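There are 2 protein chains.
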Amino acid sequence: MKKIHTHHFALLLLLILSTTNRFQTLKNHSLNHYHSIADSIIRSSLVEKKGYRWLKELCEIGPRLSGSNQSLEAIEWAKSKMIVSEFDSVWLQPVMVPKWVRNDIESAHISKSNNYQGKLLSIASLGGSIGTPINGLTGKVVEVKSFDELANIANNVKGKIVFFNRPYDDGLVNTFEAYGKAVNQRTNGAIEAAKYGAIGSIMRSVSSQKDNIPHTGVMYYDSTISKIPHASIGIYDADFLSRAISEEPNLEITLNMNCENLSDVLSYNVIGEIKGTIFPDEVIVIGGHFDSWDKGCGAHDDGAPCIQTMEVIELFKRLNIKLKRTIRCVLFINEENGLRGGIEYGKYAAFSKEKHYAAIEADRGAFTPRGFNATADKEFISEMQSWLPVLNKAHIDWIRPGGSGGDVAQIKNAKAWFGFVPDDQRYMDVHHSDNDTFESVHPREMQLGTAAMAIMVYLLSEE
Amino acid sequence: MKKIHTHHFALLLLLILSTTNRFQTLKNHSLNHYHSIADSIIRSSLVEKKGYRWLKELCEIGPRLSGSNQSLEAIEWAKSKMIVSEFDSVWLQPVMVPKWVRNDIESAHISKSNNYQGKLLSIASLGGSIGTPINGLTGKVVEVKSFDELANIANNVKGKIVFFNRPYDDGLVNTFEAYGKAVNQRTNGAIEAAKYGAIGSIMRSVSSQKDNIPHTGVMYYDSTISKIPHASIGIYDADFLSRAISEEPNLEITLNMNCENLSDVLSYNVIGEIKGTIFPDEVIVIGGHFDSWDKGCGAHDDGAPCIQTMEVIELFKRLNIKLKRTIRCVLFINEENGLRGGIEYGKYAAFSKEKHYAAIEADRGAFTPRGFNATADKEFISEMQSWLPVLNKAHIDWIRPGGSGGDVAQIKNAKAWFGFVPDDQRYMDVHHSDNDTFESVHPREMQLGTAAMAIMVYLLSEE
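Residue numbers (the numbering used here), protein chains in the order written: chain G, 1 to 463; chain Z, 1 to 463.
Just so you know, these hints were derived from the structure itself, not from any lab.
Hints are all accurate, no fakes.
A short, non-exhaustive set of chain G residues, derived as facing chain Z with CB atoms under 8 Å:
1. Ile42
2. Arg43
3. Arg444
Computed from the model, here is a short list of chain G residues facing chain Z with C-beta under 10 Å:
4. Ser45
5. Ser208
6. Ala394
7. Gln425
8. Ala451
From a predicted model like this one, the values you see are computed outputs, not experimental measurements.
Glycine included, every Cβ here is placed at the ideal spot set by N, Cα and C.
Sequences and hints are given; from them, build the entire structure.
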C-alpha cells in the first residue's frame, strides 16, 4: 500500500510537473518561435515582392468581369501560378455566372440647352443595366438626393431621367460606411425611378477622389417594375449638371448605352492548398474574389488581395514552414454581381467531410495593414487577441469582433471567420473605376499585408 | 459628542457621495462630450481640407532650405496664415541659421571607360558638402558597403573616389529603422573616406523607391580631417556603377559640384497661439520643422505636418472650441542641418515663466494616422492611453512609451513629449528628394492626421 501510494504520488507529481513544464515550454518556446517565424515571413515578403510582381502580370491580362474572356484567362493564370509554386493540390470548381457586357457604347451629352448644347458628360453603364434604344434615350432631368425626395416629387418624374445626386460623405472616417450611405442610389436607383415612370436614371459616382472618372458597380431591377437604363456620372459632371438644370430646368440629356445581359456562362473558383501535417482534414480557407469590374484592372478590388492570399501559401513553401492544418486558397468568382462563387464553395463546404476550422477574406484593398475583423465565439477571439504582440510586427494593431467578408460567410460551418482590414483612406478613390490600376498599389503596403495574413494563418494553424 | 459624531459622519458621507458623484459625472459627461468633440473635429477636418489647401500654397513657394529666400517667404506666409486665422498671438523668434547652397552645378559622368564613356550618373550634392574644383574631380572608384570594409582596404583608397553602396534594407518593417541603418554613409561618409586619402565620395541614396532620383540630406565634416566633396547617387545608377567597376576596375568618374557653405544668416521660428481659458500659463506646444531640403517641395518632410499643427489651432477657432491650456504652434527652423530653431526655442522655454505642460512633434510625414510615441512618467502615459477609445475615432490605435521628436526634445522642462506617428511605409520613397511633392500627399490621410493631433491636444488640455 505504501509503495502504491508513493508510486501514485510520484505519478501525480510527474503529471503536474510535466503539464506545467509542457505549458511553460510551449509558452516560452512559442513566443520566441512565433516571433522568429513572423520575422522570416515579413522579411521574405517585403524583399522578394513576389505577389507584387504577380499583380503586374495579372493586371496585364486586364479586368476580370464574371464571364469575360479575360476572367477565364486570369483563372488559368492563377491556376498555373499555384501549380508552378508546387501547391499540394490545385483545382477549379465550376460555377455558372451571370454575364453582363458593357459593349462599346456608353456616352451622354446635353441634347437640348441654350448654353450647354452638345456638352459631353462622363458616364459609365452600371453592371446589370439594360442599354438604351439604338438612337439613345432623351429626356428632361429631375435631380433628387434621396428616395424620399423622389417620392415627394412622384408626379414630376414621368417620362424624365432621374438624377440621383447625393454625395459621398467625405466627413466620415470609415470610407466603407460613407460608401454604404451613398450606394443605394446605384443599387436601387433604377427601380425607384421606374416606379414613378422615369425612362432612365443616372447617379453621382460613389467616390472619394476629386476627379471626373465614373465609378461603376452592380445595380438591380425588380421583376415587377419596368427596366430602365441606369448609369453613373463623374462627380465633376454631376456638379455641372446640377448647376445646369437649375439654370435651365427644361434642359435635356441623351444617354447612349449598348450594354446587355447575356445568358449565364461557365466559370470557376480557383482553389489551391497545402496539406496540414497534423490535422490535414482541418481546413483554413484564405481568399478573395477573383472577378472585378471592367474598369481599370481591379488591382485593389480584388486582384491584389487575391494574390496576397495566394502568396501566403507560396511563402510557406518558399520558407519551408510546415503547418499543422491544411491551408486552402480560394479565389471566388462573381462576388461583384452575384456571389455565385462564394455560394458554390459554401455548398461544397456544407457537404464536405473536412472541418472548416477558419476562413479569412481579403476584400478591402491592398493598403497598409491595420487589423482583422473576427466572427467567432468570445474565447476564440480572445485567444487570437493574445497573439497581437506577434501580429503587431506586421502592423496589425487589433482584432475586433464583428464582420469578415461576403464570400467566406457562405462557409456556414466554420469555427471562425476573419476579414483582413488594411487602411481604408484611399480605397474609394479607386474602387470600381479606371483608377484601380497596378500603379495605385504600393509594393510595401501590399507585401506587408501578405505577411500579416501569413502570420495570422500560421497562428490559426497552431491554435 | 454624539451630535458632532453624526455631523462628522454625515459630512464624510456627503464627501464620499459628492466625490463619487463628481467622478461619475465627469466620466459620463466626459465620454459623451469628448466623443462629440472628436466627431466635430474629424468631420470639419475631412470636409474642409483647409490644411491640404494651405499645403498647395506652401508647395507653390518651393522648398524651404534654411537661409534660402524661399524659406523666408514661407515664414512670412505661415505668419500671415496664423494672423488671418485670428490666432491670439503670432510672432517670429529670430534664429541664426547655417546657409548651404546647392547652386547650379551637380553632375557626374563616366570619364574613362572602354564601354561606358560619357555616361551620365544621377547625383545630388549632400547638404554641407564643399564643391569640386571648377574643372571637376576625377578619380577611380572604390566600392564598399561599410566603414569596416573601408578600413580593411585603407591602402587602396588614396586619390580615389569612395563609393558607399550599402543598400537600404527593404526587409525591415520600420522604414525609419532601415533609414537609420543606411544613413551613416551619408552623414559620415566623407569623413571616413578622407581619413584614408580619398579625394571625394558618393553614396547610394537612402530610398525605398525603385527609381533613379537621388535623395539628399545632411553630411558632416571633422575639423581634423580634410574636407572632400560628398554626393548621393540614384539607386539605379548605384547598381549600374557597381557592375561597371567590377567589369572595369580602372574606370574613372568625374564629379562636378559648385555647392558651398556661406555665413550664417538670420531666420525665424514661426510661433502662434491661442490662450488657455483656465490655465493660460500652461502651454501645450505643437509643431514641426518648417525648413526642408531643397529637392521637391518638402511636402511630407515637413511641410504638411507643420501645416497640420497650424490647422489644429485653426480648427479650434473654426469650431469655437475653448481650451483650458494655451495651445502654441511652433514651426521650428533648421532641423535638417543644425537644429538651431529647436535649440533656440528650448532656451526660451528654459527661462520663460510659463509652464510647458506638453509638446507634440509632427515630423514623420502626413500619412494615415497610427499612434503617438510618448515620453512622460508612467502615470501620465497610462492616463493618456485611457483616452484611446476617443483617439481611435481618428485611427490612433496606440500610445507607446519612448520617443517624441528632435525639436520638442529641446524643451527640457516639459511634463510630457509626444511624437505623432503616421504610417511609415511610403515615407522613404519621397524623403529628401524630388519625389516629395504636393501630389505625394493624400488629402484624407493628411486631414485625418490633423484631426488626430487636434483631439490629442484637446484631451491634453483637459487632463
